Amino acid sequence: MIEYRVAGGIARITLNRPEKRNALNPELIAGIKDGLSRSAADPDVRVVLLTGAGSDFCSGADLAGLDRAAEAGVMNHLDTARHMANAFLAMRHHPRPVVAAVRGRALAGGCGLATACDLIVAEESAQFGYPEVKIGFVPAMVMAILRRSISEKRAFELITTGEIITAPQAHAAGLINRVYADDEFAQGVEDYVAALASKSASAVALSKNLLYHMDGMSFESALEAGIHGNALARMTDDARRGIERFVKKN
63 MIEYRVAGGI
73 ARITLNRPEK
83 RNALNPELIA
93 GIKDGLSRSA
103 ADPDVRVVLL
113 TGAGSDFCSG
123 ADLAGLDRAA
133 EAGVMNHLDT
143 ARHMANAFLA
153 MRHHPRPVVA
163 AVRGRALAGG
173 CGLATACDLI
183 VAEESAQFGY
193 PEVKIGFVPA
203 MVMAILRRSI
213 SEKRAFELIT
223 TGEIITAPQA
233 HAAGLINRVY
243 ADDEFAQGVE
253 DYVAALASKS
263 ASAVALSKNL
273 LYHMDGMSFE
283 SALEAGIHGN
293 ALARMTDDAR
303 RGIERFVKKN
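Take the sequence shown: its position 141, counted from the start at 1, is 203 in my numbering, and no numbers get skipped.
Just so you know, these hints were derived from the structure itself, not from any lab. Source: prediction; values computed, not measured. Beta carbons are placed, not taken as given, at the ideal position from N, Cα and C, and that holds for glycine. Don't take each hint at face value.
Calculated cross-link-like contacts (lysine to any residue; reagent style SDA-like; alpha-carbon spacing at most 25 angstroms) [what the hints assert, rightly or not]:
1) 196 x 213
2) 196 x 80
3) 270 x 233
4) 261 x 87
5) 261 x 293
6) 270 x 80
7) 196 x 87
8) 261 x 91
9) 215 x 150
10) 82 x 63
11) 196 x 91
12) 270 x 199
13) 95 x 186
14) 82 x 199
15) 270 x 284
Label pairs and their computed distance ranges (CB to CB) [unchecked claim]:
16) 294 x 96: 24 to 32 angstroms
17) 206 x 248: 25 to 33 angstroms
18) 234 x 293: 31 to 39 angstroms
19) 236 x 257: 17 to 25 angstroms
20) 289 x 245: 42 to 50 angstroms
21) 87 x 281: 42 to 50 angstroms
22) 197 x 230: 20 to 28 angstroms
23) 99 x 278: 22 to 30 angstroms
24) 92 x 288: 35 to 43 angstroms
25) 297 x 276: 18 to 26 angstroms
Take the sequences, apply the hints, and build the full model.
As structure tokens, then:
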């Protein structure tokens with residue numbers, strides 16, 4: 063259900079259930095976590111790229127599976143939710159940037175999966191939304207990420223109305239980073255991840271860790287964390303080489 067390959071410093075994790083619009087089930091989620099674990103342990107990986115096979119990124123949870131589990135006990139439901147939450151945590155704790163490349167639809171849990179990535183790029187015709195409210199469900203775990211990505215009022219509107227928005231609208235809201243014309247999407251994605259991969263791996267890893275570590279900190283605590291991050295960055299080989307090159311050029 064997952065295709066995984068590494069080339070040119072890019073680990074590519076592809077959701078591969080196109081006949082089900084890449085709907086999430088336990089096996090697919092396990093495959094995502096496995097790909098994240100493998101890429102985190104691979105020193106050759108500089109960027110992780112998450113995509114969907116076929117015409118859609120991900121349509122959300124496999125509702126047939128949810129229907130079969132409807133009568134399960136609370137512990138079973140907690141375990142199922144935690145399975146997905148652990149995938150979100152794996153993205154957040156991954157030492158490399160995780161990029162979602164979205165074509166077609168990213169809806170419900172599929173939109174949550176994209177939102178959990180560090181960066182999102184999309185083709186112009188892509189659609190995003192959290193329509194769970196329309197079937198009496200709640201995009202509960204993704205709220206922890208969505209609230210950190212866009213304004214509180216826009217997040218409230220999206221999750222309580224189930225509104226489906228276009229890629230340009232998602233970009234305007236701050237939910238996604240880049241929008242490409244459909245016929246330029248494939249090349250745009252390659253250029254985007256290649257540019258990321260060309261940056262200092264240690265600087266990117268330290269920046270990612272520090273940025274997320276500052277969540278919820280007071281200003282003073284965030285500055286103190288920044289002091290330690292600054293000191294660590296100065297001691298990396300990448301920083302030493304970069305400073306040396308800069309001094310020689312100037």
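Hint check results:
As the CA atoms of residue 196 and residue 213 are separated by approximately 22 angstroms, the hinted pair is consistent with the 25 angstroms bound. Our distance criterion of 25 angstroms between C-alpha atoms is met by residue 196 and residue 80, whose separation comes to about 24 angstroms. Distance restraint check for residue 270 and residue 233: the Cα-Cα separation of roughly 21 angstroms lies within the 25 angstroms cut-off, and the hinted pair is therefore satisfied. Restraint check for residue 261 and residue 87: not satisfied, since their Cα atoms lie roughly 35 angstroms apart, outside the 25 angstroms limit.
A hinted pair counts as satisfied when its Cα atoms are at most 25 angstroms apart, and residue 261 with residue 293 qualifies at roughly 19 angstroms. For the proposed pair residue 270 and residue 80, the alpha carbon gap of about 32 angstroms is over 25 angstroms, so the pair is violated. Note on residue 196 and residue 87: the hinted pairing holds, with a Cα-Cα distance of about 20 angstroms set against a maximum of 25 angstroms. Taking the CA atoms of residue 261 and residue 91, the gap is about 29 angstroms. The hint is violated against a cut of 25 angstroms.
For the proposed pair residue 215 and residue 150, the alpha carbon gap of about 23 angstroms is at most 25 angstroms, so the pair holds. Annotation: proposed proximity of residue 82 to residue 63 holds, straight-line Cα distance about 11 angstroms (limit 25 angstroms). Only pairs whose Cα atoms come within 25 angstroms are accepted, and residue 196 paired with residue 91 is accepted, the gap being roughly 24 angstroms. For the proposed pair residue 270 and residue 199, the alpha carbon gap of about 32 angstroms is over 25 angstroms, so the pair is violated.
A distance of roughly 28 angstroms separates the Cα atoms of residue 95 and residue 186; the hinted pair therefore is violated under the 25 angstroms criterion. Pair hint residue 82 plus residue 199 holds up; C-alpha atoms about 20 angstroms apart against a cutoff of 25 angstroms. Proposed proximity of residue 270 and residue 284 is supported: the alpha carbons are some 14 angstroms apart, at most 25 angstroms. Between residue 294 and residue 96 the Cβ separation comes to about 30 angstroms, which falls inside the hinted range of 24 to 32 angstroms.
Checked against the hint of 25 to 33 angstroms, the pair residue 206 and residue 248 passes, with Cβ atoms roughly 32 angstroms apart. Between residue 234 and residue 293 the CB atoms are about 38 angstroms apart, so this pair conforms to the stated range of 31 to 39 angstroms. For residue 236 and residue 257, the Cβ-Cβ distance of about 20 angstroms falls inside the hinted range of 17 to 25 angstroms, so the restraint holds. At about 47 angstroms, the beta-carbon gap between residue 289 and residue 245 stays in the expected band of 42 to 50 angstroms.
About 43 angstroms separates the C-beta atoms of residue 87 and residue 281, a value consistent with the hinted range of 42 to 50 angstroms. One distance hint, 20 to 28 angstroms for the beta-carbon pair residue 197 and residue 230, holds here, with the actual separation near 27 angstroms. Taking 22 to 30 angstroms as the suggested C-beta distance range, the pair residue 99 and residue 278 conforms, at roughly 26 angstroms. Checked against the given bound of 35 to 43 angstroms, the beta carbons of residue 92 and residue 288, roughly 37 angstroms apart, stay inside it.
The supplied range of 18 to 26 angstroms is met by residue 297 and residue 276, whose beta-carbon atoms lie about 20 angstroms from each other.
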